[in-house]
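Protein chains in written order, with the working numbering: chain A, 1 to 564; chain B, 1001 to 1393.
Calculated from the structure, these hints are not laboratory results. Small disclaimer: the values here were computed from a predicted structure and weren't measured. All the given hints hold, so there is nothing to weed out.
Derived PhoX-like pairs: lysine-lysine, alpha-carbon spacing no greater than 25 Å straight-line:
1. LYS1214/B to LYS1232/B
2. LYS1172/B to LYS173/A
3. LYS1064/B to LYS88/A
4. LYS1118/B to LYS1313/B
5. LYS1064/B to LYS1330/B
6. LYS234/A to LYS173/A
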Amino acid sequence: MAKQGTVQPARSRSCLTTLVLSIILASVACVIAVAFLLRDPDEDTPPSITTNRREVGLALAYSPEKAAILTALVDDFNASRTELPNGKRVVVSATSISPDQMATGAATNAFHAVSPDSSIWLTEIDRHWSARVPEGGALVGETTRYMVSPVVIAMWEDVATGLGYPDANLGWKDLLNAAANDPQFKWSHPSTNSASGLLSTLALFYAGAGTQRDLTEELATAQSTLDYVEALEKTVRYYGEGELAVMQQIEEKGRTYLDAFVVQEQLLVDYNQRYGRQLVAIYPFEGTLWEDHPLALLEHPDRTDDERLAYQAFRDYLLSADVQKRILTAGYRPTDLSIDLNQVGSPISATNGADPSQPSTTLQIPSAAVIEVVRNAWQYTKRRANIFLVVDVSGSMEGANIEQERLALQAFLDQIQSDQERVGLILFASNVYEAVPLTLVSDGRAELSQAFSGLTAGGNTALLDGVNAAVTKLVDLNDGERINAIVAMTDGKENSSSVSLQQLTRKLQAQAGTDLPVVVFCIAYGRGADYSALSALAEASGGFAREGDTATIQDLYKVLSTYF
Amino acid sequence: MTKTQIVFVVLIVVVLAIVGVSYLLQRSGGVQIAKPTTLSVRIVCALPVEPFVREAATQFNAEKHTLEGNPIEVSIVPMDGLVAMNRWERDEMDPIPTVWIPDSRYLVELVNATFKEKLGRDIFLTGGEYRTRPIATSLFSWGIWESRDAVLRAQYGEDITWQAIHDAAAAKGGWAELGGEPEWGYFKLVVPNPRKNVGGLLAMMAAAGEYYQKTRIEVADVTNPEFQQWMKELMGAVTDFSSLGSYSVENLALFGYSMGDGGQLLESDLLTNMEGIRTRWVEPIVIRYPQYITWFDFPYTIWMGDETSAEEKNAALVFEEYLLSPEVQKLALAQGLRPANTEVSISEPDSPFVRYQAQGATAVVPRSTRMYSPDRDVLLAMLRWFDLNVYAQ
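So here's chain A without its partners, still in its complex pose (with noise of 0.2 Å):
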């Protein structure tokens, strides 16, 4: 009985937790199978890479010399995990790229929006896209402002100083003045295809039109004009990718690098709010331009309105108050009005070497036609160069890096588009051989391709003799009209050489300082790269060192072709 006694109740309690277990796993069933019943049905669409169910991608292509804020921006956008009305989350991506191969990239829908360092691009961009899709109407949709930074002349202020800063009203002619008169007087712009490059460039064409504003086709390529910017072009250093590579070499070299340059007035406000006021801005009396960066929403045929909503999400990030405190510590002047210039703490101060209330004018900008003409016109009137290029094709270099490298020099010379630039090769294994004299672009691009084409590797490291070699044959040709410049490359370490190190320098120095400089650019391509010996040399002709490899080598050539 006892038994019985403990076994029945245990049953039952058994009985009671199989019974109350079945109703939880019913009741779990029946809610899985509602909820499955009301789900959407198409949610189980995989996701793809930048748009899915549950994300929306902005690709946005900007200009480089805004790189560090806007990469900033992007991640700290994309940390907030903003979603559209829709859930959806917004995720920005960003690629710098140069605003001329923005307006190729925005035809082919590799983008969503664009952010320029100029809104004349975005002309450029809508005039590609109506070459290609002539009943398209206009490609660029959208458009917001977020930041503006004027472009200024950049001088040191003892130079400023010299020529009458802060009293006198300096401008593009004191400039010109200065460089002409003066022949060790260093001053660089970059190409057109940045916008404080084209600004200079449109100055220098004014100024020999002897005008302010109308600038037409027939102005721009009359022979008085085109005689006297290529008179002032050739007063200039060398040119370069644009003006963030110039602040870097600033950055480096410091006073000796250049007098002079032309840059937004951001990077002249944030170099002096790290290093104290060295630089000054000059606001050219004539006029100037801004950088205004626009942030334009691309409406291609296959844009989606959760696209649109993403770059408007992204917009209006941009134009937050924090953001826009944020954009103006980093030294650019906010769009939104109600923050202050002159308030205390402001960047944007004569502390920085900058002034608010400035500029009082701006360069009329031209039609686009107008533009396209300039910067024709500009390969024929811009200081010409004669440029070795100094290769290795030792053994090191077999297989993919001379693969590479036969692409990349072929994207060099495809750059240089004045037929009137000198190319010449020089390659160097155990010895040196001189491939192609220097030849005018016009007579020799056929013979430069097929050498390049031809290269094979093979033997030692003679990269100093290869060097010298060019060095020897550019000064023995004492032409000073000329950029002279040397691109030497080499994938591992001097081991053939019948000169050294510290004579080639101490050689480069030397001619540093005489009318007829002679720049060395490097390329370190690949690990095995001497980069501290290829840095020495570019370091004593006033040039620089890059690291490369197989897969950047291309873009590197067509970065340095940009120098000339």
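Use these hints to put chain B onto chain A, whose structure you have.
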């Protein structure tokens, strides 16, 4: 098998049956459970009133208005009136919005005329419940930097006229010749790009009106070589059509006197940017009213085609009523617009018309001669001339 085990197995079978049946139902499209339908009101809106309408829409959406139990959601697409007109006419308005608010009623008339040719009927109504109604008004006025205004008045008299602006623009010696500072450079006129902003085109029409001293411009006036030469000299003073684009006063505020000395601009845009201009630059802008007035009435226009449902059209009416309510009309006033609802006074102390009186703003417009809306052919002739003689140069 015990009774308990039988119950357990039965329950498991029932559970599996429920899951299985629900899966099959899901695969076949799910159970249709009636949910309230959101009524979407998509508004293509002219740029000068877009901030007002957007603010009102945000407020409206937050208040969760409904129509017969269905929630109404308003969304705004900013688009210049002229750009929108071209899209309507080329059948490129995709998707068709529920409502269009252009800059001026005459753009609606032009589009209506096009659709009448195609469909044989008006697509926007001028009478009845769905008729076109203005949500606010504004007008062109001169906006000029104070220092430049003083020089111009000393040189050309108290009234700022297009002729005075033309002569200033044509001065070979720039501001120095006019009595201003040499570092001001040449006189720089602010005119929005007429291809992107109907305001640019209407500013050119207003200039034509003063040139001919008449309010109705015809094609022959636009094609007159003497007028074209005069207009070319005038437009030669515009610094940058690519940057000025659509938002001319915002740009004037942002780039200051460096990019523009003045121009005939929308009063509401000038009033909205007054404070920002004061903060950013060392001097204010002043407002002067022109000889001939060009009005903008921003009509709320409901699309009557089949692309939008009757419920959506009615939802659009609900939002229209909301926009015209006195409280919401005060939002328009805060944006420098003249409210369409006359219950809202613009002479109160907090009105921008009172706040910027010292800069020349007035509640009562001192002129009454009104420019007539140009015909389509006149518009096209002016645009063609602009393309060939200004933009392409």
